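K.L.:
Each chain, letter by letter, is given below.
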Amino acid sequence: MRQILAALTTALALLAGAPAVAAEIDTGHLKAELVSQARGVAPGQTIHVALRQKIQKGWHTYWRNAGDSGEPTAIAWTLPPGWKASDFVWPAPQRQPTGPLMNYGYSGEVLLPMALTAPADARTGEAVALKATASFLVCEQVCVPEQAELTLNLTVTANPAPEDPAWGRKIAAVLTAAPRPVGLDAVFARQGEGLKLAITGAPLKGAEDADAYFFPFDGTAIDHAKPQAIERGPEGLTLTIAPGVAFHAPKPPEQLAGVLVADGRAFEIDAKAGAPPASASGLGAPRSTASSAGFGLGAAAVFAFLGGIVLNLMPCVFPVLAMKATSLARHADEHRAARAQGVAFLAGVLATFLALAGALIAIRAGGAAVGWGFQLQSPPIVAGLCLLMLGVALNLSGVFELGQSLQGAGQGFASRGGMFGAFFTGALAVVVAAPCTAPFMGPAMGWALIQSAPVALAVFAALGLGFAAPFTLAAFAPGLLSRLPKPGPWMETFRRLMAFPMYAAAAWLAWVLAAQSGQAGLARVLAAAVGLALAAWLFGRWQRAQGQDRRPVISTAIAGVVLALSLATALAPGYAAPAGAEGSAGRADAPYEPWSAARLAAARAEGRPVFVNFTAAWCVSCQVNERVALSTDKVAKALAATNAVYLKGDWTRKDAVIEAELAKHGRAGVPLYLVYGAHGGEGVILPQLLTADMVVRALGAAKDR
Amino acid sequence: MSLSRRYVLSTAFVLGIAPALAVAPAAHAAPAIGQPAPGFSAVDAEGRTRSLAEFKGRIVVLEWHNEGCPYVKKHYGSGAMQSLQKSATAGGVVWLTVISSAPHTQGYLAGEAAKGWKAKYGASSTALLLDPAGKVGHAYDARTTPHMYVVDKAGKLAYMGGIDDKPVADPASLKGAKNYVTAALADLKAGRPVATPVTKAYGCSVKYAS
Chain A
1 MRQILAALTT
11 ALALLAGAPA
21 VAAEIDTGHL
31 KAELVSQARG
41 VAPGQTIHVA
51 LRQKIQKGWH
61 TYWRNAGDSG
71 EPTAIAWTLP
81 PGWKASDFVW
91 PAPQRQPTGP
101 LMNYGYSGEV
111 LLPMALTAPA
121 DARTGEAVAL
131 KATASFLVCE
141 QVCVPEQAEL
151 TLNLTVTANP
161 APEDPAWGRK
171 IAAVLTAAPR
181 PVGLDAVFAR
191 QGEGLKLAIT
201 GAPLKGAEDA
211 DAYFFPFDGT
221 AIDHAKPQAI
231 ERGPEGLTLT
241 IAPGVAFHAP
251 KPPEQLAGVL
261 VADGRAFEID
271 AKAGAPPASA
281 SGLGAPRSTA
291 SSAGFGLGAA
301 AVFAFLGGIV
311 LNLMPCVFPV
321 LAMKATSLAR
331 HADEHRAARA
341 QGVAFLAGVL
351 ATFLALAGAL
361 IAIRAGGAAV
371 GWGFQLQSPP
381 IVAGLCLLML
391 GVALNLSGVF
401 ELGQSLQGAG
411 QGFASRGGMF
421 GAFFTGALAV
431 VVAAPCTAPF
441 MGPAMGWALI
451 QSAPVALAVF
461 AALGLGFAAP
471 FTLAAFAPGL
481 LSRLPKPGPW
491 METFRRLMAF
501 PMYAAAAWLA
511 WVLAAQSGQA
521 GLARVLAAAV
531 GLALAAWLFG
541 RWQRAQGQDR
551 RPVISTAIAG
561 VVLALSLATA
571 LAPGYAAPAG
581 AEGSAGRADA
591 PYEPWSAARL
601 AAARAEGRPV
611 FVNFTAAWCV
621 SCQVNERVAL
631 STDKVAKALA
641 ATNAVYLKGD
651 WTRKDAVIEA
661 ELAKHGRAGV
671 PLYLVYGAHG
681 GEGVILPQLL
691 TADMVVRALG
701 AAKDR
Chain B
1001 MSLSRRYVLS
1011 TAFVLGIAPA
1021 LAVAPAAHAA
1031 PAIGQPAPGF
1041 SAVDAEGRTR
1051 SLAEFKGRIV
1061 VLEWHNEGCP
1071 YVKKHYGSGA
1081 MQSLQKSATA
1091 GGVVWLTVIS
1101 SAPHTQGYLA
1111 GEAAKGWKAK
1121 YGASSTALLL
1131 DPAGKVGHAY
1141 DARTTPHMYV
1151 VDKAGKLAYM
1161 GGIDDKPVAD
1171 PASLKGAKNY
1181 VTAALADLKA
1191 GRPVATPVTK
1201 AYGCSVKYAS
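For the record, the sequence lines run as chains A and B. Each residue of the first sequence is one higher than the one before, starting from 1 at the first, in my numbering. Each residue of the second sequence is one higher than the one before, starting from 1001 at the first, in my numbering.
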């Protein structure tokens, strides 16, 4: 009977709709009240209630560690006998910088939950008034201590009561998001002036951690106002933090507890003194949001376009385009034909760029780590390009002819052969230009490759447009064409002259191959080159003989066989890796060590500045920078004077680790120059075209940074 | 006008002050216990220029002050700070109360208001130093009001941090609090090293110009 009565009272109380309501108190700069997760509490049951603060705009209250100033919100309960309330379950705080200070707290609406336990002998049906005094320090520019006398009216129910419609879910959400220990391993160690806090564990594996931050429970543990440098590792991350007053005491802390916020999640950690594990570092700072996020499609396209224009001047490209330009000059009076050539060239350039980009995107989508310039990481392709350059050079030297001699006299300039020739020239120009990652192009392509495929293709198309622009515009502008020198015997001389940059390009590619595959690879490509030259000569002989109505079938056959043999020699896979690690890097006066994430971390741990050079033999701008800046005495002296470590990452052959490091800095190719300061922090990216002074200045700054 | 001025100021902050703050640690090291206390000179409420060098050979207490701050009010409203000042100065200690509040911020005092401060609160400070540009405050890395520093007779920093071990604004907390400045002065008088040389300062943020 009594039970039925109790149930009835409970039901009535629930129907009344106000089982767990407290008056909202306005304390001046915030409104406070006590709210409950459930509409009642059963005897012996534990439910969650919360102190709700609705803080005036621009004002804030504080976390359990208020930071440099301020005071945590506090609550003092006056509970009937047997009732128990826990401390606050603090949600992760916000950082609130105030001038040179840093505070931790909350703004807007905040719920501070507490566990509330009813005594086992609580009388069912009884309405209990739970009283508490909440004290807040509310601050904007100035601080005001405010207090609220709060009451929470709860009904004791026979069974666990249903969720409160207004607050149940909100309190549950706060409890779910609140930082809790999840078994993360955390250790800390003093290192120089800093404090290294290394945190590892499954929840942090592979996290980006761009905004990772440690909020200590103890206000004396760290210098709140100083930035926390983030370094990621395969299993977690390492924060470099400025220690607080506790570490200046005779007996420094042996424990460092607090909340780690990373990737929008919050974890409670309890760090012990100890050596940070290697797995908590080595992957560098999080991908800089500044370098990639600040880059829009528009800017990337503009940079790509400019980069494309600059590519025209690269030594391996210029002869090809110069020859094409002379052909325009020869037909300056045939505007329509010239335009057709321009369009065909543009089409060839765009088609090849998009094909290369498409292949690159497809390979990356397949999970392989390749970046721009990947086509030159394969020795057979380098050997093939070397022969191609040689072939073009021999053609320019007049050893054999293409097109012209086969076309009868009077055949039009805009013949299908001519159109095809322009298209082919465009394609060839792109293939030989790809390694010369010109200035402007690195960031644009790095950005492009981490975007969606259509955006990436748009950027590559912009690059192609820039690359084709000078020639195509010349073809479309009769005024420009008429400025070109009048055709004449000089053109033959110019043609012979232009052969030599192409020989140089072939020689350079042979050198790249030597760096990739050593002497054996070099021998193979040289043998193939001699074979190609022989075949070209025989072919040319056959062409000339045609004019005299003779058919030296045997020598033509021999030419074909020799050509096939040399191509097979060059293109067959199975190039060996070079003996020893010296490779691509070429002459370098300053002593350097090979780059590895571990070596980088070790050097930084010693508190030394680090200069990192990501390079490749086939990268022309890398080689130019080596010559004019990095291998100068000035730089060598600056490296010694600043006690800097010089690390070189060689990307001449495919390397997934270097690829990942490039990607982390928003790049898809080399060169990439990084300078790390002696006192931690992120690496600074230097421009892609260096001067010795630039490097010296950067090292000087890194020493004190 | 006011909008454009604000814009100019905030731009100046971003362009000039923010980088300056970023390099601040390298530019001048934070004050450290046992190291010479940062030298300074500042104008006092009477318009005289005072400097740390002037008090060579004497123990100097620096107290960061903001009369509007609840934590400062806790110590002045109860008379606790005044009696601490009185006993310290009576024992030959120099007590400098410093206001680093920028103009138009809480606690800023100038002119007659500054002159009348001592009488208004019955303070026994040797001088009230006016530091509206925050030069002295930044030199000492003063963060809160109150933030306390004790310089020994050799001019070296002997204590820095909070005034006591009860970091709350409630005046009731004064009862039973351990006053770190009293303890540091006693240690110095007795020729002992200061037992607790560094604590965390508590209170309101110093209202620096920004």
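The set of hints was computed from the structure by calculation and includes no laboratory data. Every value quoted in this text rests on a predicted model; they were computed, and no experiment measured them. It is possible that some hints are incorrect.
[Claimed, not checked] Partial selection, computed: residues in chain B whose CB lies under 10 angstroms from chain A:
(1) 1033
(2) 1036
(3) 1038
(4) 1039
(5) 1066
(6) 1068
(7) 1076
(8) 1152
(9) 1156
[Unchecked claim] Some chain B residues flagged as far from chain A (calculated, every beta-carbon gap over 10 angstroms):
(10) 1046
(11) 1089
(12) 1117
(13) 1183
Each residue gets a CB set at the ideal place from its N, CA and C atoms; glycine is no exception.
K.L.:
Using 10 angstroms as the Cβ threshold, decide whether residue 1038 (chain B) counts as touching chain A.
P.N.:
At 15 angstroms from the nearest chain A Cβ, residue 1038 (chain B) fails the 10 angstroms test, so the hint is violated.
K.L.:
Take a quick look at residue 1089 (chain B) and tell me if its Cβ sits farther than 10 angstroms from every Cβ on chain A, holds or violated.
P.N.:
Given that every Cβ of chain A is farther than 10 angstroms from that of residue 1089 (chain B), nearest at about 27 angstroms, it holds.
K.L.:
Under 10 angstroms, Cβ to Cβ, is where residue 1152 (chain B) needs to be relative to chain A, so tell me if that hint holds or is violated.
P.N.:
violated (17 angstroms)
K.L.:
Taking the least C-beta to C-beta distance, is residue 1066 (chain B) closer than 10 angstroms to chain A?
P.N.:
holds (9 angstroms)
K.L.:
Measuring from the C-beta of residue 1039 (chain B) to each C-beta in chain A, is the shortest one below 10 angstroms?
P.N.:
Hint violated; residue 1039 (chain B) Cβ to chain A Cβ min 20 angstroms, cut 10 angstroms.
K.L.:
Identify whether the interface hint at residue 1068 (chain B) stands, where standing means a beta carbon of chain A within less than 10 angstroms of its own.
P.N.:
Holds, because the Cβ-Cβ distance from residue 1068 (chain B) to chain A comes to roughly 6 angstroms (cut-off 10 angstroms).
K.L.:
Tell me if residue 1156 (chain B) is really an interface residue toward chain A, meaning its C-beta lies closer than 10 angstroms to one of theirs.
P.N.:
At 15 angstroms from the nearest chain A Cβ, residue 1156 (chain B) fails the 10 angstroms test, so the hint is violated.
K.L.:
Should the interface hint for residue 1036 (chain B) be scored as holding, given a Cβ-Cβ cut-off of 10 angstroms against chain A?
P.N.:
violated (17 angstroms)
K.L.:
Taking the least C-beta to C-beta distance, is residue 1033 (chain B) closer than 10 angstroms to chain A?
P.N.:
holds (7 angstroms)
K.L.:
Test the statement that residue 1117 (chain B) is away from the interface with chain A: the closest C-beta pair must be farther apart than 10 angstroms.
P.N.:
Non-interface label stands for residue 1117 (chain B): nearest chain A Cβ at 18 angstroms, farther than 10 angstroms.
K.L.:
Holds or violated: is the Cβ of residue 1046 (chain B) farther than 10 angstroms from all Cβ atoms of chain A?
P.N.:
holds (27 angstroms)
K.L.:
Have a go at the residue 1076 (chain B) hint: is there a Cβ in chain A nearer than 10 angstroms to its own Cβ?
P.N.:
With Cβ-Cβ at 15 angstroms, over 10 angstroms, it is violated.
Of the numbered hints stated above, those contradicted by the structure are hints 2, 3, 4, 7, 8 and 9, listed in ascending order.
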